[in-house]
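Asks: Chains A and B are the protein sequences, given in the same order.
Using our numbering, you'd call the opening residue of the first sequence number 1 and step up by one each time.
Using our numbering, you'd call the opening residue of the second sequence number 1001 and step up by one each time.
Be aware that a few hints might be false.
In silico DSBU-like pairs for lysine-lysine, Cα to Cα no more than 30 Å straight-line [stated by the list, open to error]:
#1 B/Lys1052 <-> B/Lys1110
#2 B/Lys1285 <-> B/Lys1053
#3 B/Lys1301 <-> B/Lys1220
#4 B/Lys1220 <-> B/Lys1028
#5 A/Lys220 <-> A/Lys28
#6 A/Lys285 <-> A/Lys362
#7 B/Lys1193 <-> A/Lys28
#8 B/Lys1276 <-> A/Lys28
#9 A/Lys191 <-> A/Lys220
#10 B/Lys1052 <-> A/Lys53
#11 A/Lys382 <-> A/Lys276
#12 B/Lys1283 <-> B/Lys1301
#13 A/Lys28 <-> A/Lys53
#14 B/Lys1052 <-> A/Lys52
#15 B/Lys1193 <-> A/Lys52
#16 A/Lys52 <-> A/Lys285
#17 B/Lys1028 <-> A/Lys52
#18 B/Lys1220 <-> B/Lys1193
#19 A/Lys285 <-> A/Lys110
#20 B/Lys1028 <-> A/Lys53
#21 B/Lys1193 <-> B/Lys1276
#22 A/Lys301 <-> A/Lys283
#23 A/Lys53 <-> B/Lys1053
#24 B/Lys1193 <-> B/Lys1028
Some, not all, of what chain B presents toward chain A, calculated at C-beta under 8 Å [said to hold, decoys possible]:
#25 Glu1056
#26 Leu1316
#27 Ile1319
#28 Gly1351
#29 Val1352
Keep in mind the hints are simulated off the structure, nothing from the lab.
Note that CB positions come from ideal geometry on N, CA and C, so glycine has one too.
There are 2 protein chains.
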Amino acid sequence: MSLIVLKFGGTSVASRERLFNAASIVEKAWRAGNDVVAVVSAQGDTTDELLKKAAEISPSPSEREMDMLLATGEQISIALLCMALHSLGCPAVSLTGWQAGVLTDSHHAKARIRFVETRRLREELARRNVAVAAGFQGTDAQGNITTIGRGGSDTTAVALAAALGASRCVIYTDVDGVYTGDPRLVRGAQKLKEITYDEMLELASMGAQVLHNRSVELAKRNGVPVEVRSSFTDEPGTIVREETMERRTVSGVAQDADVAVISLTGTADVPGIAYKIFDRLAKEKINVDMIVQSAAENHCKHICFTVAQDQAAQALELIQNQRDVAYQSLNMDPDVSKISIVGAGMAGSAGVASEMFEALYKQGINIMFISTSEIKVSVVIKSQDAQRAVQAIHDHFFQAENQ
Amino acid sequence: MSLIVLKFGGTSVASRERLFNAASIVEKAWRAGNDVVAVVSAQGDTTDELLKKAAEISPSPSEREMDMLLATGEQISIALLCMALHSLGCPAVSLTGWQAGVLTDSHHAKARIRFVETRRLREELARRNVAVAAGFQGTDAQGNITTIGRGGSDTTAVALAAALGASRCVIYTDVDGVYTGDPRLVRGAQKLKEITYDEMLELASMGAQVLHNRSVELAKRNGVPVEVRSSFTDEPGTIVREETMERRTVSGVAQDADVAVISLTGTADVPGIAYKIFDRLAKEKINVDMIVQSAAENHCKHICFTVAQDQAAQALELIQNQRDVAYQSLNMDPDVSKISIVGAGMAGSAGVASEMFEALYKQGINIMFISTSEIKVSVVIKSQDAQRAVQAIHDHFFQAENQ
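Same shape as in the complex, but just chain A (with noise of 0.2 Å):
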């Protein structure tokens, strides 16, 4: 008998069905003798619903009135789902988000969680209820409703596991874990037993969306356990943890699409170009993400960097209209991918970039540009590569590895 924190996203309670689904996951885990918290999120489209609404009304809502009113999709869905269960004989209580004791700061609509008070969860889990919680929520010390912001159910759901020490927090999603590759688009994908926090985080950040990277640094921070599965199988699906039983030297192969290369040639080599260039798009809000720079002939340098696609018109404007940075030539790329290799056992093994490479090399695709770190390899090729690509990579580390 353990404590264990279950948490369902909005797909997993769209429907009466899948509201039913949900509870029954639930209700199995109580009948084992489990102390039981699940975290839900609002139901398929009613976020959309509500946003509507306030479009209506205003076109800039202020964001504590917005967190008012989105409040209410979690709230809806605490309730059916207890409703649900209590059909299947399972004892629940909903909690909203202030009810489970989330105390957040008071930046609304994209609060972060200061503090868990367990008191009442640790009430309902000793009467042996379900609690069930509102993702997504909190309030903040003036008693404020705060929301906090994307990914937030699944950052509820592992700040309350951290909270009440639970020994697994399980993620209900709409994919049934994490897989080396994408297995829509690569062969012979396989679904992985178990990956670090870190490489997690390294495949969120690289368009991998199935736990929100927030989530993961919390669960980092406070050791908790997290497996990412499906609520539509009985498959076991991916633990998140700190150790792997088995180090791989590459656990996936992730492709991100949705960027643009920017490259400046011949910058003048003095201190400050770096500094000038990426304070001024740090200041406009662009997220840049990798960053080259290389040494050039002539006392020149040449630096290259990826945005996302929808910032890179502006990022090449905001270059073009500073005075202060110098360049022979900016050009900017929006036809090119990122395919990185990830793997926590990668550090300690020379030569994984240089397979990766090798294997690209064999299909006669060209390399734009390198980043590397310490468990990662990232390059940027043309789009039009970017699917043999990471097939090619796939096959190299993956079909090997299974022979």
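Based on these hints, arrange chain B on the given structure of chain A.
Replies: Below, chain B alone, put in the same frame as chain A:
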């Protein structure tokens, strides 16, 4: 400058246009220098949608979870009304039941307000914010969300007005005041400037559901003047208070078509008959309205009473099955109406009842039975005569007055 509470019902916030209409009423009161608390109900059909969602999950959902679910309705309204107020340049802060300090007992679905902790409300007013509070909801001592049943938002508005010592509580609704008769049925019906709490209570109990009785009782107990007016016109409405300036003998004529008469003739003239009958009906939750008992020949008596039409058959059956009550005949007549005149000045002026009987006599209308109280005279007549009777009585008391 004074503190006022303005309440808007579901139809007054049902659409974008109506929300802005309500917002402009609030804004005007605020710009005039008043401290303003607005109390709102759930939008038009939100409650029905939520009930439908619950019905899909369970035929008999727990009342606690129903309260959790239904409370989202007002929470949506308060957020939207605040957004509308902001658009008009009027600072406003939404407050759920618990944030507004509405503390209730723990009877879910029909909780009673125990206390209003006004600290937060006063803080917002001190900052010159409009406080927009959710009607119909509160929390109990354990922090569970409760709803306060039918007429709930009117009751919330009066309770906040009482707790804050407001100079006035205005109930904006889809009728523009209290009339001497139902304007849809009675020619020449006039809007009353004022009416006493007691008169309003009698009128409400007769089907003229302008204000719910609970809110009127609360207003009476706390001496809060309540104005009923339309949110769609600028006309003054009707003020409900302890004493009216001018004591009208008769304030209104009301008609209730939803009655059936049950009559027993020739019951034994011994103690306990009435007790046995009405105790049995009360135990089955049948609401009995008028009761008349008269002596008759041969140590017999006749007992007549009225019930709502949908409970008449059940009431009849209960009496038929009652072994310890003997009678000569037992009849039920659903084709009847109750016509009443109400007036706080009636008590002191003899002859009002006979004036009513005279008006009926002149129309050749037969009275089946009569019941009187301090401020009310009710008669039961055949339904086919009801329309003519109401008009004749109204003409008698109000045309004369107008001349």
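Asks: Hints first: check each against the structure and report whether it holds.
Replies: Taking the hints in turn, this is what the structure says about them:
Using a Cα cut-off of 30 Å, the hinted pair lysine 1052 of chain B and lysine 1110 of chain B holds, with the two alpha carbons roughly 20 Å apart. Taking the CA atoms of lysine 1285 of chain B and lysine 1053 of chain B, the gap is near 29 Å; set against the 30 Å cutoff, the hint holds. Distance hint between lysine 1301 of chain B and lysine 1220 of chain B is unfulfilled; the C-alpha atoms sit about 39 Å from each other, more than 30 Å. For the hint linking lysine 1220 of chain B to lysine 1028 of chain B, the alpha-carbon distance of about 28 Å falls within 30 Å, and the restraint holds.
Proximity of lysine 220 of chain A to lysine 28 of chain A is assessed by CA-CA distance (about 28 Å); at most 30 Å being required, the pair is judged to hold. Among the hinted pairs, lysine 285 of chain A with lysine 362 of chain A is inconsistent with the structure: their alpha-carbon atoms are about 39 Å apart, more than 30 Å. Note on lysine 1193 of chain B and lysine 28 of chain A: the hinted pairing is violated, with a Cα-Cα distance of about 63 Å set against a maximum of 30 Å. Using a Cα cut-off of 30 Å, the hinted pair lysine 1276 of chain B and lysine 28 of chain A is violated, with the two alpha carbons roughly 52 Å apart.
Proximity of lysine 191 of chain A to lysine 220 of chain A is assessed by CA-CA distance (about 21 Å); at most 30 Å being required, the pair is judged to hold. Our distance criterion of 30 Å between C-alpha atoms is met by lysine 1052 of chain B and lysine 53 of chain A, whose separation comes to about 20 Å. Straight-line distance between C-alpha atoms of lysine 382 of chain A and lysine 276 of chain A comes to about 28 Å, which keeps the hinted pair within the 30 Å bound. Restraint check: the Cα-Cα separation between lysine 1283 of chain B and lysine 1301 of chain B comes to about 24 Å, which is no more than 30 Å; the hinted pair holds.
A threshold of 30 Å between alpha carbons decides the hint, and for lysine 28 of chain A with lysine 53 of chain A the separation of about 38 Å lies outside it, so the pair is violated. Between lysine 1052 of chain B and lysine 52 of chain A, the direct Cα distance comes to roughly 21 Å. Compliance with the 30 Å bound is thereby established for this hinted pair. Between lysine 1193 of chain B and lysine 52 of chain A the CA atoms are separated by roughly 41 Å; this puts the pair beyond 30 Å, and the hint is violated. Proximity of lysine 52 of chain A to lysine 285 of chain A is assessed by CA-CA distance (about 26 Å); at most 30 Å being required, the pair is judged to hold.
Using a Cα cut-off of 30 Å, the hinted pair lysine 1028 of chain B and lysine 52 of chain A holds, with the two alpha carbons roughly 27 Å apart. Simply put, lysine 1220 of chain B and lysine 1193 of chain B have alpha-carbon atoms about 18 Å apart, close enough for the 30 Å limit, and the pair holds. Among the hinted pairs, lysine 285 of chain A with lysine 110 of chain A is consistent with the structure: their alpha-carbon atoms are about 16 Å apart, no more than 30 Å. A C-alpha spacing of about 24 Å is found between lysine 1028 of chain B and lysine 53 of chain A, which places the hinted pair at or below 30 Å, so the restraint holds.
Straight-line distance between C-alpha atoms of lysine 1193 of chain B and lysine 1276 of chain B comes to about 45 Å, which puts the hinted pair past the 30 Å bound. A distance of roughly 24 Å separates the Cα atoms of lysine 301 of chain A and lysine 283 of chain A; the hinted pair therefore holds under the 30 Å criterion. As the CA atoms of lysine 53 of chain A and lysine 1053 of chain B are separated by approximately 19 Å, the hinted pair is consistent with the 30 Å bound. A hinted pair counts as satisfied when its Cα atoms are at most 30 Å apart, and lysine 1193 of chain B with lysine 1028 of chain B qualifies at roughly 22 Å.
Taking 8 Å as the C-beta contact cut-off toward chain A, the hint placing glutamate 1056 of chain B at the interface holds, the least distance being around 5 Å. Taking 8 Å as the C-beta cut-off, the interface hint given for leucine 1316 of chain B is violated, the closest approach to chain A being about 37 Å. With 8 Å as the threshold, the beta carbon of isoleucine 1319 of chain B stays out of range of chain A, its nearest partner Cβ sitting at about 38 Å, so the hint is violated. A distance limit of 8 Å between C-beta atoms decides the matter here; for glycine 1351 of chain B the minimum to chain A is near 57 Å, and the interface restraint is violated.
At a threshold of 8 Å, the smallest CB-CB gap from valine 1352 of chain B to chain A is about 51 Å, leaving the interface hint violated.
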